[in-house]
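J.: Starting from the given sequences, assemble the full structure and let the hints guide the process.
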Amino acid sequence: MAEFAVILVSSILINNYVLVQFLGLCPFMGVSNKLESAIGMAAATTFVLTLTAMASYIVNAMVLEPLGLIYLRTIAFILVIAAVVQFTKMFIEKTSPLLYRVLGVFLPLITTNCAVLGVALQNTSKDLNFVQSSLYGFGAGAGFSLVLILFSAMRERLAAADVPESFKGAAIAMITAGLMSLAFMGFSGLV
Amino acid sequence: MIELIAQNPILAALVALVGLSILFGALLGFAAEKFKVVGDPIVEQIDELLPQTQCGQCGFPGCRPYAESIANGDVINKCPPGGQSTINAIANLLDVPAPELDAEHGEESEVKTVAYIREDECIGCTKCIQACPVDAILGAAKLMHTVIADECTGCDLCVEPCPVDCIDMLPVAETITDWKWSIPAKPGQMIATDRRGEVNPAVQNEDAA
Amino acid sequence: MSRTWVTPGGVHPPENKHQSVTLPIGQLPIPEKLVIPLSQHIGAPATPCVEIGQQVLKGQIIAQAVGMVSIPMHAPSSGTISAIEHRPIAHASGMLAPCIEITTDGADTWIEHQGISDYEHISPKKLLEIVGNAGISGMGGAGFPSAVKLNPGRQRPIDTLIVNATECEPYITADDSAIRERAGEIVEGIKILSAILDHPTNIMIGIEDNKPEAIAALAPHVEDSGISVVVFPTKYPSGGEKQLIYILTGKELPAGKLPADEGMVCINIGTTYAIKRAVTDGEPLISRVTTVTGDAVGTPRNYDTLIGTPVRHLLEHNQFDEQAGGRVVMGGPMMGFTLPSADVPIVKTTNCILAPSYAEIPDDEPAQPCIRCGMCAQACPVSLLPQQLFWYAQAEEHERLEAHNLFDCIECGACSYVCPSNIPLVQYYRAAKGDIRQAREEKVKSDHARDRFEFHKERIEQAEREKEAKRAARREATQQAKADHLAATANGSEVSSAAPTAPATPAGAVPSSSAADIIAAAQARAAAKQASPEDQRAKLERTIASAEQRLKMAEEKLTEAINDDSGKQDKLSAAVENTRQKLEQSKSKLAELAE
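Chains as they are written, first to last, in our numbering: chain V, 1 to 191; chain X, 1 to 209; chain W, 1 to 595.
Hints in this document: simulated from the structure, not taken from any laboratory.
Heads up, the beta-carbon is just placed ideally off N, CA and C, and yes, glycines get one too.
You can take every hint at face value.
Cut-off 27 Å, straight-line C-alpha distance, at most; resulting in silico cross-link-like pairs (DSS-like, lysine-lysine):
| id | chain 1 | residue 1 | chain 2 | residue 2 |
| --- | --- | --- | --- | --- |
| 1 | W | Lys433 | W | Lys445 |
| 2 | W | Lys251 | W | Lys191 |
| 3 | V | Lys94 | X | Lys36 |
| 4 | V | Lys168 | X | Lys186 |
| 5 | W | Lys443 | X | Lys180 |
| 6 | X | Lys78 | V | Lys168 |
| 7 | W | Lys443 | X | Lys112 |
| 8 | X | Lys34 | V | Lys94 |
| 9 | X | Lys142 | W | Lys467 |
| 10 | W | Lys587 | W | Lys571 |
| 11 | W | Lys470 | X | Lys127 |
| 12 | X | Lys127 | W | Lys571 |
| 13 | X | Lys142 | W | Lys582 |
| 14 | W | Lys433 | V | Lys34 |
| 15 | W | Lys557 | X | Lys142 |
| 16 | V | Lys34 | X | Lys78 |
| 17 | W | Lys445 | X | Lys78 |
| 18 | X | Lys78 | W | Lys457 |
| 19 | X | Lys186 | V | Lys34 |
| 20 | V | Lys34 | W | Lys443 |
| 21 | W | Lys242 | X | Lys180 |
| 22 | X | Lys127 | W | Lys457 |
| 23 | X | Lys142 | W | Lys457 |
| 24 | X | Lys112 | X | Lys127 |
| 25 | W | Lys257 | X | Lys180 |
| 26 | X | Lys127 | W | Lys467 |
| 27 | X | Lys142 | W | Lys571 |
| 28 | X | Lys127 | W | Lys445 |
| 29 | X | Lys112 | W | Lys457 |
| 30 | W | Lys571 | W | Lys582 |
| 31 | W | Lys433 | X | Lys112 |
| 32 | W | Lys552 | W | Lys589 |
| 33 | X | Lys180 | W | Lys433 |
| 34 | X | Lys142 | W | Lys470 |
| 35 | X | Lys112 | W | Lys445 |
Under 8 Å between C-beta atoms, here's a sample of chain X residues computed to sit facing chain W:
| id | residue |
| --- | --- |
| 36 | Pro51 |
| 37 | Thr53 |
| 38 | Gln54 |
| 39 | Gly62 |
| 40 | Asp135 |
T.: Right, dumping it as C-alpha cells:
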C-alpha cells in the first residue's frame, strides 16, 4: 500500500513529467489558454497515459519479450499509442464535439507527446510489474493534469492582467512556467 | 509453430507487428462504428453568438450560413454588426485568437440605426418588403409601406431595392432608461516603454495643481 | 437586549454627523417653482393627470400611477401648473426627464383631506390602498413603491418586520433628526405597518450606537408595544437591507431572493413616518427631511423639504459658498453622486445635499496600478472579491464577472474607500453591470430576430411550394385537355377555321405529348374563343365611343388646370395624350376589320 503511495507521489510531484522531466511541453503550452480546454486536454491525456502504460506492458510482456523482439519496443509502443489516441479521439468527438473542436490538432498530437512514450519506455526500463506500470501511467497523467490546470488558470489571469507590451502572450507564459518548474524542483528529496 | 517463429527472428518480428496492427485495427474499426458522429452542433453554438441581422455583409446569405462556414474553418472576423465583442465571444468559444474586424466587410458602427420610410415618396412597390429578412416592413402592393421600428435590426437591405430611394437609416437615440456608465480610464502605466509618447496623467496633474 | 451579528468587512469612515444635528429640523420658505419628476421610483413613471394652467392645491394628485409597480405624484404646494416637459434631473447621465413644474402661489392651501384614527380595524387591503394612493416609495434611497413591498402575497407570510433607522453613511442625519423629534408618530407608523402585515411576531428597529439621543427618544414610546429597539455597533455599510437583516437576525439572504421570501420586510424609518401621515392624517408624500451639510454651507442642518424644491433653493438659504467647494453631492460621500448642476429638484429619495469644501473632500487623485494588496476583499460587506471583479471588468470578461457574483455587489464603495491606489472600483462594477445587462438585452433581441427570419424563410418556402403545386396542377390540366382535345378531333367535331396547323392525327391515335401538340391545342382553344367579325366590330365601336368620351373629359380637366395653374398640367396633358392614342388605335383596328 505504501508502495502505491510512493509511486503516485513520485510520479505526480517529485518527478513531475512536465515541470521536472520536461516532457510533454507541447500541449502544456498549446492548450493552456482556457481553463475548460485545459481540463479537457488533461482528462484526455490521463486517459491515454493510463491505457498506454497498461497496453504497452502487456505488449512488452506477452509479445516482445517471449519472441526476443526487444529492439522493436519503440515501434510497437508507438503503434499502441497511436491506436489508443485514435480511440480517444473518436470517443471525444462523440461525447463533446466542442472539446474536440477546441483541442483541434493537439488531440492527435498526443501520439507524438514524448511524455506518453516516455512513460511506456521508462516502465520497461525499470522492470515493473503490471500494477506498478499502470500506477506510474496514471500518476504521470495526474501530474500532467495538475500542472496543466494550474498553468491554464494562471494564464487566464495573466490574459486579464496588466502585462507590459513586450511580455504579453508566450513570453510571460514561459517565464511563469519556469517559475512553476523552480517550485516543483523543491519537491525533490520528499520521498 | 511458436518454435518456428521463435527461431526465425525476422519472421517473428513481422508476425508480431502485423499481428498487433491487425488487432488494433480491428479494435479501432469497432470503435469507429460505435462512436459514429452525425451532424455538427458547433454550428448551433456559433449561430447563438451572431447578431442575427441577416444583413449579408459577411458575404453569406444570412447568419446561419456564416456560422456553418466558421464551423468549417472560415475566419471569424467578417461580421460588422456583431463587432469586436462578437469576434471575442466566438474566439472564446472556439479557443482561437481573436483578430480585428476585417474592414473589407464593413465598419462597426457605434450607433444603432433603424430604417425609416418617407411616406410621402413611397409608391407602394413592395420591393423593400421582399428584401426585409425579418418582415419588419408593413404594407402591400399599391398601399403605404412603413417600417415597424421595434422589429427592424438595422441591416439596411431595404435601402437599395427602393426605386424612389425613400428609405433612410436613422440613428436610435439613447434614452435615460438605456443609458449606462462607461468604464473608467485605465489606471497608471506599467513601465516607461508602455507610455511611448503619451503624457503620463500623474505628471500632468502635478503640473496642473 | 437582542443578540446582534457582525457583518463581514465594512469600513469606519469619519462620521461627520455632529455638524448637522445642533439645530432642530427647519422649514424653508416655499420656493417659487417646484419641479416634480414623473419618475422618482423603481417602476413605470407616473402619467400627468393635470393640464398646463390648472390650479392645484397642496396634496392634490398631479400624476397617476401606471400599472402595478408605480406610484402617483402629488402637488407639494398650492399653485398653477406652469409646464409639463423635459427638465434636468438628478441623474448621473445629465439627461433630461419628464417633469411637472408648479409655480407656487405662496398660500400653501391644503386640499381637503382626512385620516383614519382607527387603523387597527381597517382591512390591510384598505390600508395598502391608502399607502399606494399617497405616493409612498422607499425613502432610504432605493425608491421601491411601498404598497407593493408591503404586499408580498399570501404565499409569503411575514413574521419579522425590521424598521431601518441605521443611517450608516457619514454626514447624513435626516433619519436621526426625524426620530428625535417625531418618535411618537414613528412608533405609531410602525403599529400601522404591523396592522398591514397582519401583526408579525418580531418587530425590530435597527439603529446604530452613534445615535444615543434618538434611542432615548424612542424608548418611552416602544415600552410595552412589542417593538424592540436593537442597537448595534456603528459600521459602514450596516444600513443596506441585506446587511441589516443579517445583523439583526443572523440570516443571510440567498442571491436573487427578496426578504419577503424569508418572511421578512424591511422599511426605512422615514417611509414609516410618511405612511403614518398618510393613514392617520390623509397626507400624501409631499415632503421629506433632507440634511444640508458640508463646509461649503453656512449652517448645516436638516430641513423639512418639499419634494420638487430645486437644490439651488436649499443652498441659497444656507449661505452656500460656491468658491469654497468644487461640487454639490446628492446623497452621502460614499454612495452619493455629484450633481450636474444645482438646478435639479429634490426627489422622494433625496436624504442629503452635501456641499463639501476642497479640504473636506479633495478632488480625486489619479488612479494608480492595482498592487493586488487585497484590502478591498477585506472591506467588502458581501464577501465578494473586488480585486478579481476589477481585473475582469477591465478585461470585459462577462462570464467570469457573473461567476464572481458581480450582481450581488451593493455598490457601497467600501472597496474604493480602502484602495491604496485610489482606483474607482465601483465605477468599474457599474460599467460592467451595464455592459452585461445590455448584452442580455441584445441577446433577447437577436433571438427574436432569428425567430422572425426563420418564419420569413418558412413563409417564402411555403409560397414557393404552393406555386409549384399550382404549376404541377396546371400541367396536369393541360395534359388532360390535350388528351380530351385529341379525343374530340378523333370524333370529328368542328374546329374554327382561324386555327393554324392543327395536327393531323388519325382517328383513335394515341395523343403524343410533344410541345407542338400542346401549343396547337391551346391555339385551337383561343381561336374558338375569338369572337366573330360582327361581334368584334360592335366591340370596337363601343370602345371608340367610350374613348372619345374620356378624351373630352381629360381635355376639360386640362383646360381647368391651365386656368387654375394648379401644377398638374404635365400629368393631365400626358393623360390626354394617352387617351388620344388609345382612340387612334381603336379607330385603326376598326378600319382593318372593315377591310
